Structure formats: structure tokens, C-alpha cells
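Chains A and B, in that order, give the protein sequences.
In this text, residue positions in the first sequence follow the numbering used here: the first is 1, and each later residue adds one.
In this text, residue positions in the second sequence follow the numbering used here: the first is 1, and each later residue adds one.
Keep in mind the hints are simulated off the structure, nothing from the lab.
Among the hints, a few may not be true.
For identical chains, the list gives no copy identity; a pair is met inside one copy or between any two copies.
Derived lysine-lysine pairs resembling DSS-like cross-links, with alpha carbons at most 27 Å apart [to be verified]:
id	residue 1	residue 2
1	K349	K297
2	K2	K294
3	K77	K256
4	K159	K2
5	K297	K256
6	K349	K379
7	K163	K256
8	K297	K60
9	K60	K77
10	K60	K298
11	K386	K159
12	K77	K163
13	K2	K379
14	K349	K298
15	K256	K2
16	K379	K298
17	K386	K349
18	K349	K60
19	K77	K386
20	K379	K60
21	K294	K60
22	K386	K294
Bear in mind the structure is a predicted one, so any value in this text is a computation, not a measurement.
2 protein chains.
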Amino acid sequence: MKYPYAHRMQYVNHSAVRELLKLGSDPGIISFGGGFPDPEIFPIDQLRAVFDDVLLRDGKAALQYATTEGLPALRQKIITRMQREGLQLNLDNVFLVQGAQQGLDLAAKMFIDPGDTVITENPTFMGALIAFNPYEPRYVGIPMDAEGLITDLLEDALKTNPKVKFIYTVPDFQNPTGITMSLARRRRLMALANEYDVVIIEDSPYRDIRFEGESIPSIKSLDTQGRVIQLGSFSKILSPGMRLGWVIAEAELAEKLCLLKTAADTQNSTMNMYAADRFMDMYDIEAHIASIRKVYKKKKDLMLDAIDEFFPAQVSATNPQGGLFTWLTFPAHIDAAALMRDRVLPEAKVAYVPGAAFFPAQAEQNHCRMNYSCMPEEKIVDGIHKLGDILKSVQ
Amino acid sequence: MKYPYAHRMQYVNHSAVRELLKLGSDPGIISFGGGFPDPEIFPIDQLRAVFDDVLLRDGKAALQYATTEGLPALRQKIITRMQREGLQLNLDNVFLVQGAQQGLDLAAKMFIDPGDTVITENPTFMGALIAFNPYEPRYVGIPMDAEGLITDLLEDALKTNPKVKFIYTVPDFQNPTGITMSLARRRRLMALANEYDVVIIEDSPYRDIRFEGESIPSIKSLDTQGRVIQLGSFSKILSPGMRLGWVIAEAELAEKLCLLKTAADTQNSTMNMYAADRFMDMYDIEAHIASIRKVYKKKKDLMLDAIDEFFPAQVSATNPQGGLFTWLTFPAHIDAAALMRDRVLPEAKVAYVPGAAFFPAQAEQNHCRMNYSCMPEEKIVDGIHKLGDILKSVQ
Chain A
1 MKYPYAHRMQ YVNHSAVREL LKLGSDPGII SFGGGFPDPE IFPIDQLRAV FDDVLLRDGK
61 AALQYATTEG LPALRQKIIT RMQREGLQLN LDNVFLVQGA QQGLDLAAKM FIDPGDTVIT
121 ENPTFMGALI AFNPYEPRYV GIPMDAEGLI TDLLEDALKT NPKVKFIYTV PDFQNPTGIT
181 MSLARRRRLM ALANEYDVVI IEDSPYRDIR FEGESIPSIK SLDTQGRVIQ LGSFSKILSP
241 GMRLGWVIAE AELAEKLCLL KTAADTQNST MNMYAADRFM DMYDIEAHIA SIRKVYKKKK
301 DLMLDAIDEF FPAQVSATNP QGGLFTWLTF PAHIDAAALM RDRVLPEAKV AYVPGAAFFP
361 AQAEQNHCRM NYSCMPEEKI VDGIHKLGDI LKSVQ
Chain B
1 MKYPYAHRMQ YVNHSAVREL LKLGSDPGII SFGGGFPDPE IFPIDQLRAV FDDVLLRDGK
61 AALQYATTEG LPALRQKIIT RMQREGLQLN LDNVFLVQGA QQGLDLAAKM FIDPGDTVIT
121 ENPTFMGALI AFNPYEPRYV GIPMDAEGLI TDLLEDALKT NPKVKFIYTV PDFQNPTGIT
181 MSLARRRRLM ALANEYDVVI IEDSPYRDIR FEGESIPSIK SLDTQGRVIQ LGSFSKILSP
241 GMRLGWVIAE AELAEKLCLL KTAADTQNST MNMYAADRFM DMYDIEAHIA SIRKVYKKKK
301 DLMLDAIDEF FPAQVSATNP QGGLFTWLTF PAHIDAAALM RDRVLPEAKV AYVPGAAFFP
361 AQAEQNHCRM NYSCMPEEKI VDGIHKLGDI LKSVQ
């Protein structure tokens, strides 16, 4: 039968990410495509002790329903960690979500009427576009440079576009480019949001994975008017398979977003909330994060060194100070998607994410996103070598 | 600041369920209000062994991202269980959701344009209304009798209402009434859906918890045209805190709904999917479900016997053959919400859910939903006794 879809369904289509998540699970491929953490750094033995302790001591509560906001003890630990970031929060400002991805869906559901404008970096996180699309926004993409989103161009966009509901940004080690927004740009972004009365969604799942340079204040820490929604996640610092993200917002905003979560799925896994909380009681999560940084720093250096060695000079790569990704720029005539389909996958058995899908507007074809966190070290070198050979052959 | 909400936000408000879930967690109250399973029946020791085994043998995979559809092995087990129900399914027909509640949100997002008509039983599951409301449907509520939704009245509604997108029903031990739809009504419902070309959402989280009488074929098993979406859940047969529900639908429909899940939250907890799958490998879930039925049968009988003994004759209660709820009807002049606020909570320290919130249309004030699964046996008797004393005093 033909189903009576809502008109929004025309904006719902197969995503490249979804297909790539499937591809990345083929062990025969050296995949730089996913955004997977390194499974070698999962604290498996510690989590065995943690889950056992939770079930032994709190089994009845951990297997039962909980409130939508999520376990107060875990929210309190998030608040305590955020104090180091200069954020003074209380329990009304924080609730748990099913990965930061759910925060994107809830924010879009809350703010976007069809035809409203959403401003993003250009390129931006593909998963955000996937979350926003069903609510039918118009996108305005702001170009980036080495300091992140170019705020002069943002001002132009705010002047000329009506009904801007929010600015979406990944300021730390952006997905896909690996670029970090400078403090000056963050201040200007915040001032412009205040001036033009728009909300900012600060999506910062990689913030704790800084392995070089000095931490830059979060945009939320510059927010004096309660207009920044900050999204965080345990996916990169503990485990993505536990699906624990959080939303930080001014209390009224947090309450409304949380009501939308009640409607969407009632709550996160009680079990996993207990486990994350207990993990932080029993072990030192800061020490664990420090060990992740060390591993990713090494892998990032390995990938960038291999790129230096094996890639032709006409291919450039960003040099991220944290996070999971570097962003390649090929010579303008090379279409990264076609190259992957025709040469890179069949000949080199290597995968990346062609860059075009990350652009909400004015897509450029000659980029790709490369993940360095997931593959073992020898496969990083091997994959870059093979990719380099192909890139040299198409110069 | 004042936030630029989407116009749909006017349909998002504090829910009675959410407040009651909070209330139910106060240990000083005898709460018949929630929809909580009995925590005494959670297989805690077994799940300790299960989580340990999963982390020991599959830790890297269980803590990692997975595909949106969910673990194939677990979906296959759901398919195998559904074969006993006469459903021939394959992996394309089944995907995991964050509790059946998420299935409601995804279906609403897929089908409802503002102003479309949604037909439900009157009363119906409050969580469904909470999920549907942000998409701005018009509701048409169909009265029920002892055989469930009155299909003659459904036909009238289908004749007179344009743009009916779907019929939402809880056919087995309905939440809130405990009523089960007869086979004749299921057949008629299916025939009418075919005739008027509408989709049916069959929400059946309690189906396995039948403790009396004979199982009645599911509506999905009567579906020859792929127009029934069936929602199921591990919440009542294993653990709600693991947040594992599933959607069964025709392949094209399932694919589209699953894309909406990718947008909403990417995936369920990989860890919990592994744990449910492993539980069914290591233990006999059918034996576990049989033990739940026994406990709930005893509690239901206890509550109904206590109602017989302590309630005035003018108060009637449904006698469910399964599930978690009975539905009380007070004399017409009694407002169940006011009575709870003014007498039942302060004097008896007893909670129920006042019935009005379950009606999408033509709300009746003189009902309440009573849960018998969660409270210990002695509290069931004590609470009914105290509630009975108050009901006698207001006759």
C-alpha cells in the first residue's frame, strides 16, 4: 500500500552516515569513515565491576522506570564537572538525553517551524542536518577559516535573513573539519546572538578530548542571557553504546526541552545512568579521559605524519588539537565521492566520508572527513599510504 | 529571555504522568498511580550474570555504536517469538526503539500533519496523547464497552472525518481500562481500516502478561495489506529501565520509521540490546514471563477482592485478564481528581491517576486508573481499604 506520509517525510531520506556506519562494520575495510571511539580504550574491566555493583546494590531501582530528567546523582556529577568550566548550574539546568543527537532533535522540535532559518557552520555535523531536516528549516551556512565560523559573515546573515531561530555550532574540534573556534570569535558570536535575539546550540561532544593547546572557554560560559543550549556526551569519554548525553540550558528552556523528551521516549536507560554514575564513584574518569587524550594524540600525529609522507602536496589536511577528525581538501577538480566509489573503496579498501554531505548549502565536492580514533595504528599508516597512492595517481 | 518557540510548543505542557511518576517515587505514598512493573520480579541475579558475560565476551562491541535498526540477533529473537503469534517476519520488518513510547513519537512524526485526524479509544493511553500532541492532530475518541472499541461508532467516525491518518489502539488489557478487544471487533477494525484506507497503530506492551482467559490474535496477525504498525516492549517482561521496545511494520514503512529514529537519537543502547539478547540465550524468558503472570494474577485478584470488600457498591471496577491496570468508575457526581487532591492523598496517602487525562475528547471526571503490579501485596489491601473508607464517606 501507499502510506499517507506527513509532508515532512519528503525531507527524510537515507543518510550517508547511516550507510557508512554499516560500511564501517565490515572488517575488510580500513574505515576512516565513522566517528567511532577506539574500542581498545573502553574501560571494560572497570565497567564489569560497575554493572555488577549497580545490579547487586541497586538492581531494583536500576531496572525500573526513572524520571525523564534522569538520575539526580549523575546530573550532579555533570554539574560538578562543568564548574571547572565556569558554569554555575543546578539540577534544573541539566537533563540526560539519548546521546547528544537527541538534544538536536528536541531543540529542532522546539524551535523550528517550517521555513524558519537555521544558521550553521558550512560544513557542519551531518547528524545535525539529519535531526533538523524533518522540521523543514531553511539553512544558511557560514564559511569557516582556521579560527572557525567567520563571524563577519554571520553578521551579514543575521542582517539579511528573517526568522533565524538558532545558530548551530560545534566549536571544539568541529565535526567534520577538526577546527576549533577562537575565543575572539566565540565572544563575537555570543554578542551577535544577543544583538539579534537568537538562540545558540553549542554541540560539544569532543570538548574533553583536547590533546594539544589550551582549552578555550565554552560559548555557554560566555552566556549572560540564557540563550545557549549546550550539548555534551559520555559517548567519547566513556562509551557510545550506553547512549548517555546531556543538555544544559536555562531552567525554563530545559524544562520545555525535557517535556519534549517525555513525549519522545520517556527517559534514558536507568541502568546505564546508574552505571555512568557508579563508574565515576568507583573510578577516576579524569584519569580515564587523560588516557584517551594520549591515545588519540598519538593516532592523530600518526595520521598527519603519514599524510605528510604519502599524500601529494596538493592535498591539505587540518591539524586538530583534539577530537576525532581531520578534514582533507583535494585539488578542486577531484570529486571525493566519485573517487571513493571508483578507486578508493575498490582498489585500496579504504573508506572516508565524502565532504559534500556536510554542507547544508554551497556544497564543495573536493573534501573528505577522516577519522583517526577508531582504526588501530598500523591500519592508519597502511590506509593513508594506500589512499596517498591513489591521490598521487589522479594529480 | 523569551524563547522563540515553534508554534507546536503550545501543545507541550506538563503531563500528569510525569508528575505522577515523581509522586510514585515517594515511599510514604501507597501509589496505584504509576505503570511500574513489580521490582520484586526483576531477574536481578540473572542479569548480573548476563551483563558480566556480555562485557567479558563482547565488551568492545557492546560499548560501541551500532546500527539504528538494532542488534540483528535480538531482532531475530523477537521475530521467532512473533512466529507463535502467526506473524511471518524478517529482519526488514523489525527494529528496536527506546521503549514503545518512541514508536509512538516516530509514527506521529511520520504521519501527522497539523489538523490531521487521529482516532483513538476514548479513554486511551495518556503517553500516546503526549507523544502525538506536538504534531497537532485533531482527536476523535471512540467509546469502548466490555469488548473494547465500539466498531460501529468507529465506522461513523471514519465516514464523517476527513484526513484520518491512523487509528491508535491498545487492544490487549488496555491502558487505562484493562479491557481487551474481542476477536470480532479486531476483525471489524481491520476491515474498516482496509475499507477507509487508514493505518492502525497496535500498541501492545502488555500482550505477554495474560494471566486469565485465552489469547486473542493480534491485529497485526489479521493484517493482509501491511497497514498495521505493532509496538512491543521488553519493559513489562524484562525491565523498563533498559528501555527496549520494538516496532513491527511492513518493510517500506519500517525503513522510513527507522530513518526517523536515526534522526531522533541514532540508536538504542548497544549494551542493553546485547544484554536482552544474552538473557534470552542464557535463560528461559518464557519461564520468566510465566512467573510474572502468576505474580500479577495474584495481585489483581487481591485488588479486586479488596475492592469487593471495602468499596461501596456504587463504585465499579473492570476485571482485566492481563496487564497492569483496572479502571474504576465512581458515581457520576464524584470528580476523581478533586477527590484525590482533597481527600485521598492527604488523608489516605494513596495515589491513583484521575481518569480525565486519558480522554482525548469528551472527558469524564468520575474515573481513575489503578495499577496493581507495583505495590507489595499488603499495601494493595491497605491502600484499597483506606480508599474505600473515603469513597464510602462521599456517597
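Structure-based check of each hint:
Only within a single protomer do K349 and K297 lie at most 27 Å apart by alpha-carbon distance; the minimum there is 25 Å, versus 58 Å between protomers. Taking the shortest Cα distances, K2 and K294 never come within 27 Å of each other, neither inside one copy (53 Å) nor across copies (43 Å). Taking CA atoms no more than 27 Å apart as the test, K77 paired with K256 passes inside one copy only; the shortest distance there is 22 Å, against 37 Å between copies. In this assembly of identical chains, the alpha carbons of K159 and K2 lie at most 27 Å apart only when taken from different copies (20 Å versus 44 Å within one copy).
Proximity of K297 to K256 under the C-alpha cut-off of 27 Å is found in neither arrangement, the shortest distances being 39 Å within a copy and 39 Å between copies. Taking the shortest Cα distances, K349 and K379 sit within 27 Å of each other inside one copy (11 Å), while across copies they are farther apart (64 Å). Proximity of K163 to K256 under the C-alpha cut-off of 27 Å is restricted to the intra-copy arrangement: shortest distance 21 Å within a copy versus 30 Å between copies. In the homo-oligomer, the alpha carbons of K297 and K60 lie at most 27 Å apart only across protomers (21 Å), although the nearest pairing inside one protomer, at 41 Å, exceeds that limit.
With identical chains, the CA atoms of K60 and K77 are at most 27 Å apart both within one copy (22 Å) and between copies (25 Å). Taking the shortest alpha-carbon separations for K60 and K298, only the inter-copy value of 20 Å comes in at or below 27 Å, while the best intra-copy value is 43 Å. In this homomeric assembly, K386 and K159 never come within 27 Å of each other (Cα to Cα): the closest approach is 47 Å inside a single copy and 65 Å across copies. Within a single copy, K77 and K163 get their C-alpha atoms no closer than 37 Å, and across copies no closer than 48 Å, so neither meets the 27 Å cut-off.
Taking the closest pair of Cα atoms, K2 and K379 never come within 27 Å of each other, the shortest separation being 46 Å inside a single copy and 51 Å across copies. In this homomeric assembly, K349 and K298 come within 27 Å of each other (Cα to Cα) only inside a single copy, at 23 Å, whereas the closest approach across copies is 60 Å. In the homo-oligomer, the alpha carbons of K256 and K2 lie at most 27 Å apart only across protomers (13 Å), although the nearest pairing inside one protomer, at 35 Å, exceeds that limit. Taking the shortest Cα distances, K379 and K298 sit within 27 Å of each other inside one copy (14 Å), while across copies they are farther apart (60 Å).
For a Cα distance limit of 27 Å, the shortest separation of K386 from K349 inside one copy, 9 Å, qualifies, whereas the shortest one across copies, 71 Å, does not. Taking the shortest alpha-carbon separations for K349 and K60, only the inter-copy value of 23 Å comes in at or below 27 Å, while the best intra-copy value is 48 Å. In this assembly of identical chains, K77 and K386 lie within 27 Å of each other by CA distance neither inside one copy nor across copies; the values are 45 Å within and 41 Å between. Only between protomers do K379 and K60 lie at most 27 Å apart by alpha-carbon distance; the minimum there is 18 Å, versus 44 Å within a single protomer.
Taking identical chains as interchangeable, the C-alpha atoms of K294 and K60 lie at most 27 Å apart only when they sit on different chains, with a minimum of 19 Å there against 38 Å within one chain. Taking CA atoms no more than 27 Å apart as the test, K386 paired with K294 passes inside one copy only; the shortest distance there is 26 Å, against 62 Å between copies.
Checked against the numbered hints given earlier, the structure breaks hints 2, 5, 11, 12, 13, 19 and satisfies all the rest.
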